[in-house]
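Engineer: Protein sequences, first through last, are from chains C and L. So the first sequence is residues 1 to 278, counted in the working numbering. So the second sequence is residues 1 to 311, counted in the working numbering.
Derived from the structure by calculation, the hints contain no laboratory data. Note that beta-carbon positions come from the ideal geometry of N, C-alpha and C, so glycine has one too. Among the hints, erroneous ones may be present.
Restraint ranges, calculated between C-beta atoms of paired labels, are given here [unchecked claim]:
no.	chain 1	residue 1	chain 2	residue 2	range
1	C	Ile93	L	Thr21	23 to 29 angstroms
2	C	Ala86	L	Gly71	35 to 41 angstroms
3	C	Phe15	L	Met1	47 to 53 angstroms
4	C	Thr26	L	Gly75	54 to 60 angstroms
5	C	Thr85	L	Glu85	39 to 45 angstroms
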Amino acid sequence: MSTMTRIKKLHINNFRLYLGIFILLTVIAMAVFASHLTKFDPIEQDLMNALQGGTDKHFLGTDNLGRDIWSRLLYGGRTDLFLATAAVLAPFIIGTIIGAICGYFSGWIDTFVMRVADVVVAFPFYVLVISLVFILGNGVSSIFIAISLVSWVAYARIVRGETLIVRSKEFIEAAQTGGISNRKIITRHVLPNVITQAVVYAMSDIVLNIGVIVTLSYFGLGIVPPTPDWGRMISEGQQFLAGGYYYLTVLPAIAVIITSLGLSFIGDGLAQLLRVKR
Amino acid sequence: MIRFLVKRIALLIPVVFGIITATFLLMHATPGDPALTYLGNHPTPAAIAALHHQWGLDKPIINQYFDFIGGLFTGDLGSSLFYNETILKLIALKLPPTLMLMLMGSLFGVIFALPLAIWTAIRKDKFIDHLVSLMNAVILGMPIFFIGAMGILFFALKIPIFPVGGYGESNLQHLWSLVLPSITIGLGLVPLLVRSLRTSVIESLDSEYVAFARSKGLKNRAVWLKYALRNGSISGISILGIQVGYLAGGSLVIENVFAIPGMGSFLMSGILNRDFPVVQGATLTFAMLVVLVYLMTDVAYALLDPRARFK
Chain C
1 MSTMTRIKKL HINNFRLYLG IFILLTVIAM AVFASHLTKF DPIEQDLMNA LQGGTDKHFL
61 GTDNLGRDIW SRLLYGGRTD LFLATAAVLA PFIIGTIIGA ICGYFSGWID TFVMRVADVV
121 VAFPFYVLVI SLVFILGNGV SSIFIAISLV SWVAYARIVR GETLIVRSKE FIEAAQTGGI
181 SNRKIITRHV LPNVITQAVV YAMSDIVLNI GVIVTLSYFG LGIVPPTPDW GRMISEGQQF
241 LAGGYYYLTV LPAIAVIITS LGLSFIGDGL AQLLRVKR
Chain L
1 MIRFLVKRIA LLIPVVFGII TATFLLMHAT PGDPALTYLG NHPTPAAIAA LHHQWGLDKP
61 IINQYFDFIG GLFTGDLGSS LFYNETILKL IALKLPPTLM LMLMGSLFGV IFALPLAIWT
121 AIRKDKFIDH LVSLMNAVIL GMPIFFIGAM GILFFALKIP IFPVGGYGES NLQHLWSLVL
181 PSITIGLGLV PLLVRSLRTS VIESLDSEYV AFARSKGLKN RAVWLKYALR NGSISGISIL
241 GIQVGYLAGG SLVIENVFAI PGMGSFLMSG ILNRDFPVVQ GATLTFAMLV VLVYLMTDVA
301 YALLDPRARF K
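Isolated chain C (complex conformation) (with noise of 0.2 angstroms):
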């Protein structure tokens, strides 16, 4: 490849980025931002005016129990966001410390986490959070223990991957004959890097996360109402959908995609940001 078309790639990858980033600031701002955006209470009803389309009041509708949908979409971004960014950290660190375990000593350990590693991606992620939800019952802490179960297991390969290539390094090798010990050269030499792959993986996984916490709100696990979640509102929205009421259920689910839109746009930039650095 030459210089010029590479600085172009570049251009066009880091354009998607940015792009990215924004979407991504303008979706987290409106969803901190909520009460500031909008004089409707997200679960107020008002009866007399349900399911009305766009009007002066409500610019972008009603729903079946006349509540605002502008608002509900604004607070649920709120709930959804905050679920399935909160619900990569435990995964994340909890991994990507096992992962570069595994990859610095081998070993026994390495064998039967990996072993372990199998066994979990043996269930299907849906199912098996789905089946965990059931288990631990509703609620937010459900979700998050349940997709931390499962989640890690991606960013422990990714990582031990990684780690298994640093360490064959000469820089490592220099730290251990220099004697610095087996933690320090895991957390100064290794982890600095390896973590990038694991950060860009977490990228999807929040994609991921909002695809599972919404499937699971779908199917009426997991957040509980009166809590506005999108999930929730695309499913109550369905019933309504052969009357012609598309709205109810297609403003939340633009509503994932965009914010899913904004996290992969993320994820591959930064992805192409370290393929080039290589």
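Chain C is already provided as a structure; the job is to place chain L on it using the hints.
Structural biologist: Just chain L now, with coordinates in the frame of chain C:
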């Protein structure tokens, strides 16, 4: 080839045992009492004790574990609390629609993805490549039940080609009622398939044997058909195999959207009815299915590409 098979199956045994153990732990060692879940809000202590005895939950956990494994070997997965039928019989009834759905779903996925992958590989970094990758990101962000709902709206309600849901009576109706759900799953698969297929097609187009074929004077079209398509399909098999977890999760959701009486609806009904043995049996079946597909993928890949046998 036989050595490869033996080795591959030997590797499988600890995983299968792990799955059985994990399913057991999932249902028995987690906080929360299944009897409480089953009985609802205000159970009497006597009722709880009776249920514990009936399910063998009053025995030590180790005994329960061995009972569970023993039961598996004799095909005894317990009985459904709701259907009054053995889990094994129910699974035998519910598995075929799910398998069919997964099969047809992956078929549609490949039909959609392969041409796109080859096209974008040939026109790498051109407009169409960027357009397809944007489209993929959009599809990736769509919850699969939303795709299903839109499918129902447009192709069952607006233009009544397909049934709104259900599974029909005859075999032909079964097949017909699975078309729209399969297209939905196939569409969901497209981003996952195109991304990896495109890479493998680009790799094979960059390879020395393609350069050689070109130097012999082979036309573009022949190169694409002979090498891009063929190598794309071979790696497609393993990529599809990796995605079986997505297929299973997708059919879990889609069966519920389209009211298809398969394993996914079975699991969901188990959850809604608080039918503990059903959830256990269905979860176990899904995991076993995934492991089996992994095995079949590896074997198929080894058959098609001899190099894989010696890795």
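Engineer: Which hints, by number, does the structure contradict?
Structural biologist: none
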